[in-house]
Each structure stands twice: as structure tokens, then as C-alpha cells.
Amino acid sequence: MSDKEKKITIETGDSGKGTTELPASANTEELEERALSVFSSDRNEDITALVLCLLTAFLVLLFTKWLV
Amino acid sequence: MSQIKDQMPALIMGGSLLIYGLIAKTGAMLPMAKYLGTHKTMDLQVTLTLIVGCIALVGAIVSTTRKSGTSNIDIFVLRPLAGIVFILVLAMVIRWYAEPLMKITSVALQPLLGFKIYKVLNLNYVVLGILVGVVLTNTWGIPKFAAEGVKCARFVLKMGVIMLGAKYSLAELAKLGAYSVLLVGFFVLGTVFLVLWLGNLFKQPKSMTGVLAAGMGVCGVSATVAVAPVVKAKAAEMAYTIGTILSFGIICMFVFPTIGHLANMTPVQFGAWAGTGILNSAQVAAAALAFNSVDIETLKVAEIFNITRVLFLPIIVLVLATWFGKETGQKLTFKSVVIDKFPVFIIGFLLLFFLSSMGVFSPASHYKGKYIDVSYSERTQVTPEGLESLNSAMAANEFSGLTPKQLEAVTDLVKQYQIAGNFADRNDKKVFEQVGRARMAELEGVLAAAKGKQLTLSADVKEALKHAVKQVHKESRTVVALTDFMIWFFAFGLIGLGMQITKKSITQAGGWPIVIGIIAGVTKATLSFFVVLWLIKDVVLN
Amino acid sequence: MFSHVLLCTHGTEGAKKAEALVFAKLQNAPNLKVSVLTVLDEDWRDMTGDDWLNSSKTHTTFLDHVENQMNEEIAEEWQRIKTSYPLAERANFLQSTGNIAKTITRTAKKLGCDLIVIGPWCKPKKFSIHSTRLGLRDTMKNKNLHPLLPCPLLIAS
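The listed protein sequences derive, respectively, from chains D, U and C.
Our numbering puts the first residue of the first sequence at 1, with every later residue one more than the last.
Our numbering puts the first residue of the second sequence at 1, with every later residue one more than the last.
Our numbering puts the first residue of the third sequence at 1, with every later residue one more than the last.
Treat each hint with caution, since some may be false.
[What the hints assert, rightly or not] One side of the interface only, derived from the structure: several residues of chain U facing chain C at Cβ under 7 Å: (1) 157; (2) 225; (3) 229; (4) 497.
[Unchecked claim] Sample of chain U residues lacking proximity to chain C, with all beta carbon distances greater than 12 Å (derived): (5) 31; (6) 75; (7) 174; (8) 239; (9) 403; (10) 438; (11) 483.
[Claimed, not checked] Have a look at the derived ranges for each label pair, beta carbon to beta carbon: (12) 95(C) - 355(U): 51 to 57 Å; (13) 66(D) - 408(U): 36 to 42 Å; (14) 102(C) - 477(U): 53 to 59 Å; (15) 67(D) - 375(U): 15 to 21 Å; (16) 357(U) - 71(C): 30 to 36 Å; (17) 37(U) - 68(C): 53 to 59 Å; (18) 262(U) - 66(D): 44 to 50 Å; (19) 19(U) - 151(C): 29 to 35 Å; (20) 120(C) - 318(U): 46 to 52 Å; (21) 111(C) - 322(U): 47 to 53 Å; (22) 58(U) - 95(C): 44 to 50 Å.
Just so you know, these hints were derived from the structure itself, not from any lab.
Note that the coordinates shown come from a computational prediction; the quantities given were computed from them, not determined experimentally.
Glycine is no exception: its CB is placed at the ideal position from the N, C-alpha and C atoms.
Turn these sequences into a full structure, and let the hints guide you.
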């Protein structure tokens, strides 16, 4: 592998700030398969879960409490 | 063309769901649903199948018309969609068909076997869902189109836990929290040290006892995964440990609920026991729902224990890192282990709990999800038959044993046909409600006295009183809907997680870990069983 | 006769027979090229089971750890081969992850091998807590391999 090889940067890390450099030729397919989640970081996953929950709660409230 | 081919599964599933929904809407399926005992869910079936079917079709059509890229819509919506719909279809089939059929068959087989299969194995929809997931992934494998969607299982399970936060009252959370910290703390540390001691006794390498101690002590595979790099576990040691934990957990999932029913455990006791004794946290939720899948009391308790364990995990990682010594090479600080890894979804859980405590989800006068409505309404009136039996009981002087206040409540019930305040106070809501509730309490007192044989009332009268009391207890529709959502989230997440248990990972159990693991696991399960029975007697959940 | 042999080994008793056979033949055939292949079963990726609590960072750390551990074990395996058979210095050592049968055949095709040598399928020993089975010692059913073969297969016994 030469030093000139292109690198790609992917997000890893817990807080959504960690990044890892990989050679562009790296087997990203395998990396993707390794991931157990479609999210790039856990903070993203948890926050999305929370937002979706609040959205669900809001819709439920809208249809069962505020509009009734 | 190939894009259409790729989207075929989603198109087929979406189309079938729509057709099912439309047929169900005509009512053509009602006789079959009645046979299965699912006719009360017919409205839900129609709504859910139509909505999910539409989403699947729209998603598939959008996917065929645009080039797949790396935009957020692609990653989070279009690509996982087929898999999400797939799991939802599985969940629906299991909930509306497989589970009722299982009940009917096991009732039919009862004369032959002498017991009901589903009762003994607790084959409700949650357990069936996990089993279907496990079987599917080990036979045909997860269909390729569903792979991305299955990855959402973890995420949806987190959503379930967050939603669960809305179901606690402050008193419950405080009490359960105290129990869980006590029990989990004792048993986690106890098991960790037991395993370390056993490992020492059998002269096993430190790295192996390290992973095993974490896995048996805290939360199963999750703990093993977190600790293995820290203690530099060997490949075979990890394989043995994970295999042992997974197989032990799956056995627990079936055995725990059965033992719980046999021992007549209360939901709270069982939740606490499962939360302490079962290793993998997904299996704790599964066992809790297996014990009691209709209402979620057990799940509420078990999840508090689960969350406590999750919070204990970093502590154990630190303890084991220290125990393993400086050879780790990895620098572990309090911040890197505890603060950076603090699961954000637990904050979500607390937020929903907070919102619910503020009364956001319930009408103002709620009481733990239920609220009492003593306002005038036709819905809360006693039936004509009930009124008649009350009247004749009055005439026959059947109420002579009542206290004056109780008698007043009954008289008013007969007068107003329903439990309510005084007509004259109807504009002063506060007084009106107060009087109405006091009357309801008196009537409940009458029923309690009748139950305790201090009073003799005819069955008809008791029925009429019970009905009157029940009619003013309304469950908040918001809370009911939120609970339904939550149960679906859990079902979805558990089916998806079931798909990640491969035969290979189970059968690699072996070596010393299986010996030490079984000793530690059984000790923990047995001890916690008795401790829970002895310690937890008085928590009442509503 | 043959010009390039693919020796598949992962250190089990059966595989050791295959090693012995190949390196014995190598003495008489100076022009024979030998590639030693160690395959890591792809199922190792599913080791984390139904864990859902850990962050992806923890997951990646774990899987990296597993991989490093495996690489170390494979390196030890190769060292053992090199010390027991001096001729092995001539061989080309390869490592790959994937479905065992598919990886073997794919590698054979890629390298242009005209003979694949594997060990016999050993009956798994009775359960024993003193089992020395290493994590990477997987077995495979021959019926999965046979339909894929691009060249003759020799099973040493």
C-alpha cells in the first residue's frame, strides 16, 4: 500500500464526533455489515429514538386528548 | 428494471396488506376472527394493515423511481423500509393468527397431553416472535431485502423503553428503583466475585474468568462484548462464554415464567426476579412479557431492573479492568467509561416519565392512568336490570347492614341512576366531583364488606353496584394508545433481536465457561428467587 | 503433474495430515507452488448475539479485538507449520474470512490452483471441558464444497 493512497473518513465514536480514517480501497461493505444499526453513532440513534417517541406521544395526544 | 425487482418483496407485502385491510374492512373476516378470539382487534387490524400497506407501497414505488444514494432518506427510510414492513407483518401474523391458533390447538390437545402447551411454555406472541426470529435466521436466513430493516430492531426496542417511561408514577419509580439498586447491586457484585473465585479455584486464565464474570453478572452478551477487549480475552474464551450465556438465557426465557406461575408470584415479584436472574436484557423483557403479556406491570418492573443493570455495567468494566491489572494497555478513565458511554435513551425514558408525572398524558383528574368521571353521562348509568334489582333490594330492606353514609350513596345511586354529585351542585364542579367520588368510595366499601362476608347482598345487587363503580372508572385513551404503541415497539424489537441469535453462537458453548457459568447462573437464579419472595411483598402497581 | 497446490489448514488433526502430505510431496517436486490458506468462518461476525445495549463504538472495539485475536492465533498456526516443515518457507500464506467452502473455491480460482488439499472431516470429539479446540477450528461439510470445486480435491487421511 502506498502512502499516496486515498483515504476516506467515516464517523464512528460514541458522541458522533469520533472519526476513523480508512484507505479508500478498504472493504467498506464488510464494515457496513458489521454495523448493527443504520445510524452512524449512538448518540444519533438515541436522540432519533427520543424524537420519534415524542412525535408519537404528540400525535397520540393530538388524536386522543386535544382534538376530542 | 432491476430496481423494480429489488422492490418486489416490499410491493408484494404492501399489496397483500392493503388487500387484507380492505377485506377486513368489509367484515368478511369477522366469523374467523370470532373463532380465533381476535374480533375485538378488527378495527386495529384494518387501520394497521392499511397504513403499513400504504407506506410499504409508497416507499417501494419511490425507491424504484429514484437512484439509491446516500441521503438521509435513503439510509433511514427507503432502504430499511422493506425489512421494517417484513418484521411488522411477522408481528401481525403472530399476534392475530399464530398466538390464537396456538391457544386453540393446545386447548384441543389438552385431553391428550394432560396440560396446555401454551400455558406451560408461555407461548404468547412475544415468545413466539423471538422463536420465529431465531428459527428464521437459522434456517433460510434473514431475507436479503430485510437485512437493513432488521438493524432497526435495537433502535425500536430503545423507543419501547423510552415510551415505557410514561407508565410510572413517582412513587413506583422510587420504590422499584430502590429495590432494583439493592437487588441488582448485591447480585451483580456477588456473581462477579463468585465467578472470579470459581475461576481461581479451577485455575482458569484471568482473561476467561474476566469475560465470564461480566457476562454472568451484569447483562449477558452486552457485558461480555464490553469487557472482552479490556481483559484481552482469547477467541475461544469469548466464543464459549457467549455461547453459554445465550443458551442459558434462552432456557431461562422459557423456564422463568413457568416457575413464576407455579410459585404464584405477583407481577412485581416476577419482574424483579427476571430482572435479577436472567442474563441478557432482551430476554428479561421477553420473559416479563411472557409472564404477563396483557398488561405490562411485569414489564414495568423488569425494565427498571434492566436499566439499573445497564447503569451498573460501566462500574463492572472499571472493576474488572482494575482486577485484570495494568496489562490491559488500554487507558480507562471514569470519564471514558461512565460519562461518554452513558446511554442517552435512558434520559429519554426519564423525560417521558417526567412528562407523564406532570400529567401531560392524562386528564387532569387522573390517577395512575385511570381517572374517575362522575359527571352526568348516559354512558355511566346503571342498566335498567341493575336498577330494578337495586330497587327491589331497597324495598326488601337488604341494605339494613350499611352505615348511614353507605346507605346515602346507594340511595343516591338509585335516585340518579349513576354515581354523581348532587344535582344542585352541578355548577360547582369541585364540590360536585368531591361528593361523587366520596359516594363511589362508599359503594366500593359496600362491595368490599360484601366480599368479606360482613354483609349479605344478592348477586344481582352486587353486580349492579360493581357495574356502577366500573362505569365511572375511565382509562385515559391517551395512556391506552401510548401503551399499545409501546407493546408494538417491544414486539418489533424482540423479533428483530431474535433474528440476531444464530445457531452457531449458541452451539459454541463449551469448555470451562459452561461449567462455571451454569454454577454461577443457577446459583444466582435460585438465590434471587428466594430473596425476591422474601423481600418484595407490598408494592402495588396500578 | 500439478503446478499449484492450495493447502487448506486450520490446525486440526485432520488438517495436519493434509499438511504432512503436501510438504512430503514438495520434497520431490521442486517446481510445485504451494499456497497455504486459513479461512475464518464468516459466522464469527454474529458473535454478539442479541446484544442491543452497547454503543457501536463498543461493538467495533469488540469486533476489532476478536479479529486481532484471530490473526494472532492464525499467525501462531503458520509459525507452527513453518517450524515443523522447513519447506514451508517456500509457500505462500493466505488468510481470508467468509463462508469456508466458497472462500476455498474462490481463492483456488483466483490463484489458478489445480489441486486443493484438505484434511478429512473429523468426528467432533465427545464433549470435554479440557477440549483444546481453538476458536478458529471450524469444520465444514464436504457436500457444501463439492459442487463449487474448480479443480480436483484431495482429502488427506
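Results for each hint:
no.	hint	result
1	157	holds (6 Å)
2	225	holds (4 Å)
3	229	holds (4 Å)
4	497	holds (4 Å)
5	31	holds (39 Å)
6	75	holds (14 Å)
7	174	holds (24 Å)
8	239	violated (5 Å)
9	403	holds (55 Å)
10	438	holds (48 Å)
11	483	holds (21 Å)
12	95(C) - 355(U): 51 to 57 Å	holds (54 Å)
13	66(D) - 408(U): 36 to 42 Å	holds (38 Å)
14	102(C) - 477(U): 53 to 59 Å	holds (55 Å)
15	67(D) - 375(U): 15 to 21 Å	holds (20 Å)
16	357(U) - 71(C): 30 to 36 Å	violated (52 Å)
17	37(U) - 68(C): 53 to 59 Å	holds (55 Å)
18	262(U) - 66(D): 44 to 50 Å	holds (46 Å)
19	19(U) - 151(C): 29 to 35 Å	violated (52 Å)
20	120(C) - 318(U): 46 to 52 Å	holds (48 Å)
21	111(C) - 322(U): 47 to 53 Å	holds (49 Å)
22	58(U) - 95(C): 44 to 50 Å	holds (46 Å)
Hints 8, 16, 19 from the list above are not met by this structure, while the remaining hints are.
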